[in-house]
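Chemist: So you can see what is in the structure, the chains are spelled out below.
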Amino acid sequence: MSDRSVPRYEAALKVTGRAAYEGEVPAVGLLHAALVEVPIARGDVVAVDASEAERTSGFATMVSYADAEPLKPSPATALIRDRAVHFAGQPVALVVADTLSAARDAARAVRVTTQARPSVTHMAQALNTAYVPAMVGRFPSVSNRGDATAALADADRVVRHRYETAANIHHPLEPHAVVCWWEGDKAVVHTSTQAVFGTRAMIAHAFNMPPADIRVISRLLGGGFGCKGQLWWPWMFLAMLAAKKTGRPVRLELTRAQMFRLVGRRQETVQDLALGFSTNGCLTGIAHHVTAQSSTHAEYSDATAVYTRYLYACPNVTTSHLLVRTNEPQPVPMRAPGTAPGLFALESAMDEAAVRLGFDPVDLRVRNFADHDQEAGRPWSSNSLRDCYCIGAERFGWARRPAQGTAVDGRWRIGWGMASTMYPAIRQAAKVRVQLAADGAVLVQCGTQDMGSGTYTALGQITADALGVPVDRVTVELGDTVLPDGPFSGGSQVTASIFPAAAAATAKLRATIAAMAIADEASPLAGQRLDDLEFRDGSIRSRSGNVGEPWANVLARKGTEGLEAEGESGATQHPDLTATSMGYGAVFVEIGVNAGLGEIRVRRVCGAFAAGRILNPLLARSQYVGGLVGGIGMALHERTETDRATGRMLGETLADYLIPTHADMPEFDIALIEEDDPHLPGSVKGIGMLGTAGIQAAIANAVFHAVGKRVRSLPIRIEDVLGRR
Amino acid sequence: MMVETPTTAKGSHADAVATASVVALAFSINGRHCAVETVATAMLLDVIRDQLGLTGTKKGCDLGACGACTVLADGRRVKSCLALAASYDGADITTIEGIGTPDRLHPLQAAFIRHDALQCGYCTPGQILSGIALLAEKPKDIAAIREGMSGNLCRCGAYPNIVAAIAEVAGL
Amino acid sequence: MTSPPFRYARATSVDNAIAKGICNGSAFIAGGTDLLQLWKAGVTAPAEVVDISRLPLSEIDCSNDTLTIGALARLSSVAAHRDVAMHHPLIADTILASASGQIRNMATVGGNLLQRTRCVYFRGQDVPCNKRQPGSGCGARDGVSRQAALFGTSAACVATNASDLAVVLIALDAEINIQGGAGARRVCLSELYRLPGDTPAQDTTLVAGDLITGVIVRNVARFAGRMTYLKVRDRASFEFAVVSVAAALHIENGVIVESRLVAGGIAPLPWRLTQSETMLLGKVPSDAVFVAAGDLAIQGAQPLSENGFKIELLRNSVFRALQTIGGAS
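Chains as they are written, first to last, in the working numbering: chain B, 3 to 727; chain W, 286 to 457; chain U, 33 to 361.
Source of the hints: derived by calculation from the structure; they are not laboratory data. Keep in mind that this is a model prediction, so the values were computed, not measured. Glycine included, C-beta positions come from ideal geometry on N, C-alpha and C. Take these hints with a grain of salt, some might be off.
Partial selection, computed: residues in chain U whose CB lies under 8 Å from chain W [stated by the list, open to error]:
1. Pro37
2. Phe38
3. Thr65
4. Leu68
5. Gly74
6. Glu80
7. Gln157
8. Pro160
9. Arg217
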């Protein structure tokens, strides 16, 4: 194992149950909250009557739109300030009481009168209202390169199909929670958020108060995957209003059923994709048009077709995104947003093309490799996708792939499939503070979060490496707005974002210590050249002369309490980039289909990923495997069900919404292909999203390889592959 | 089973079956005796987390479908979110806090760290309690570990590392 | 949203439990793994739960060719019992394919047999369900119906029974002991369940105060080595059956002399495939015969919009189950 594979920083706390999540923060006089929901899918709240609830034991107060009205209007407060109901099961009030059971009893006693109006409960009901949003994330909704229509008309071979993906739910195992209280005009908010500073900004806006008067703390998250952000805020604001009204701390923790409705979802998509080829297997035209769901109270679109603009060399590419507003919960980014559904379509179609054209699926992809970013017309900062294909194929044994439909293992029909994956490597602005104590202890702080992705460990390692100390000398503090501004946790951006800031902070400290040592007559390094010194094993040493001393000694002689420095780095400036940065991967899978019974099980997965320099191979593997497991869930299990008559979601439990279990696990082989990337600080790219995308198509392609059936709709389930005995 | 402590409706020892909406219960938790009074509808999980302040046991789904709330009751792993507290009156309960400390880790806890068998950590206490119970059943191979652990979901996808950690302790 | 709070009472004896159980609004609780889910989801609202978990009804005894399982025996205790594993491996295997290790440590045999449907309308909120709220309609019939039944449905209800164990126990002709206000009785397990008809709220033939006290399974040695429970599901573990088939064959001199075929996941109760069973009698086991049994199994199926695949799945599952146990031993 690599010496970079240090164990997870906070692991000992987590395995002993000592890790405290924010919903568990104790508070004297704590009140417990429960939400009051309405059954209608669309309409208005006429009245919320708490008179019966007030008589229940332990009742403290209720807050509803009447209390939320003073909040500043914004998308984050719309759901609680307005009387409008946008989806079935929407909360319209929050009740607090002495205990959780008392709060639930009180919530049940609240009488809500509503006026229902006709609703749109699924996309197909309102396709005629589809519209083009201005942007999909940071990308334009529509793109045109060359003339895809003409190219497809002229192509020797065209693969044209419709692909569909179901709405998925993030389901971090820790439900959203907040424990909040007011200290005079100041608010303290412990909440499981992927963005402490973003949350603080939204609170400041909603409550019209200075950000400095708000402290948001999120030191540990029990998973996030994209849902612990803005959509949660309205319900958190209600808890804050209740805390203000009662003068007591309030805890709100969502139920698992509420996690299905109140914190976002991966949007449902319908994708029309056409690939045109010349007979020699070169892509001549691509058209990728996406229609997806958004709610009636907010607009969101994944960049689903955006990656089709980049992955392959092709002179003629058109993509577009449409949204349909429905009375269903609001989508938000979820694990590999855009790439997971988009690459399912693109990489499924590439496989269909390979069969049509008579190419090996890997060869067809290599043939269409994009040697530069054709959309922006600039080079890649690095792109090792071909190495991913090559190394992944080698490790998987792709060359021994049996002919389609021929491999069996007992009752199981075996299929192999592969797909590419990619995700942009970008950075957010970040500040990192590093403090050195006179005894050699190091403290590093950043107001970013660790969702379980390893940020504590990565920041500790970066800092330890830069200062030449063992990682166990470094204390890491995250997830608190009293710390320096850190990035939100999402988009596989945190490590890349904090790396340059940490590097800047540690560079300042090294320079300071070195200068102190050189100037210090008592130091063996007195008079040495600055650029001749290095930090290793807790010491500052001369590279050439082999002299040195623990840097703590330098500080100690100065009688200083310690040193502190802050480093800062900026966000990726997209218009100014001279090169486009992405991470890449190739995933190979073997699946089995239980003949006649349609059960699909993934048996073997090899993922080869190239995403810059890997700071910690142990944790990187965990990230990739975790992403692949999420991708298996999306491919084979996960879909929400909604009753079309009422608009109410059904099966709001983890017994109904299936995610993979231990027993569903294949053998995983992860190849980490490291890259030097001169355009990126430390050659660091994000890695988390890469595993989650691509595998859906690899599985679908393997299903075809096993049983000869193309399934173009996720999840792929028994009914899709039931064949002859 | 531990010796039963006379309980239920307050002061009503004569009729140990008195119907009550509040119940007085006694447990052994991690080897320590504790007495609590709680509503009749309280789950063992609620008592452990909210009344005893032992928050290492997690509430993931509250419907028995995720395993984050797994504890040992009289040595058997159970989902404390579906365990009516009153039914466990007198039971010997072990939670993650009773398994090991950062300075004195249980071998399975140490293996979890070595194998990076956790990410966000929220399912971890349940995985470890479930794993300890499974180890006592002496799983014969990796497949038996996977099947035996399937009542514990992990959304981060640490499954292979969890199984590797259990297999190592099992000597497989 | 949880139901209103209930009171708690602990039964001191079977008679005491029955006396309490007869009271309006009371519900027995043993393992609680289903009742508490239903209470938390707002589906069931007992005024009082009567804790029967400490009653002396958890003995497992296998003597005189008869297996007797106390209704309060935990599923895991049954599966791990030496005699069950030796003489009734089908029961042990079926239990181990149910739920999770933790739930099996909590759930009792009696509770398993009485678990309520997993229909998402029944367990849902603000959607119609005649079983949960008589007269509100059946949402599944024209709605989300993948789980729904193919056989035995009514205009009022299309929900399926979710128990694995019941499917197998009915295949093994199990009986149950019941004690109630009217005394004790023993009935075939198959007589416990009823079709929904116009009154789907009632799952069973039990009346208020009735307590299942035990399950009796007679000698099944004649099926030894030729029994299986095939459970088809979307993921590899910890899931209710999409379709399941319990099958047992008694073959003498190369001819099938007795057969059992019961399917799960396709009807409001464990669905005995009588026509297929009868057809098999006197036949020499072969793929052709097993195919014919599968074809007969699906006759009369009434699919809805999303569950039609279960017809083919049932046909294939019957074939697969028979093929698994019908070869040369």
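Chemist: Each hint: holds or not?
Modeler: Taking the hints in turn, this is what the structure says about them:
For the restraint placing U:Pro37 at the interface with chain W, the shortest Cβ-Cβ distance is roughly 5 Å, inside the 8 Å limit, so the hint holds. Interface restraint check for U:Phe38: the shortest CB-CB distance to chain W comes to about 6 Å, inside 8 Å, so the restraint holds. Look at U:Thr65: its Cβ gets to within about 5 Å of chain W, closer than 8 Å, so that hint holds up. Interface restraint check for U:Leu68: the shortest CB-CB distance to chain W comes to about 5 Å, inside 8 Å, so the restraint holds.
Because the beta carbon of U:Gly74 sits about 12 Å from the nearest beta carbon in chain W, more than 8 Å, this interface hint is broken. For U:Glu80, the interface hint holds, since its Cβ comes within 8 Å of a Cβ in chain W; the closest pair sits about 6 Å apart. Hint status for U:Gln157: violated, given a least beta-carbon distance of 13 Å to chain W, over 8 Å. Using the Cβ-Cβ criterion of 8 Å, the hint placing U:Pro160 at the interface with chain W is not satisfied: the shortest such distance is roughly 22 Å.
Residue-level restraint check for U:Arg217 is violated (minimum Cβ-Cβ distance to chain W is 25 Å; threshold 8 Å).
When the structure is compared with the earlier hints, violations turn up for hints 5, 7, 8, 9 and for no others.
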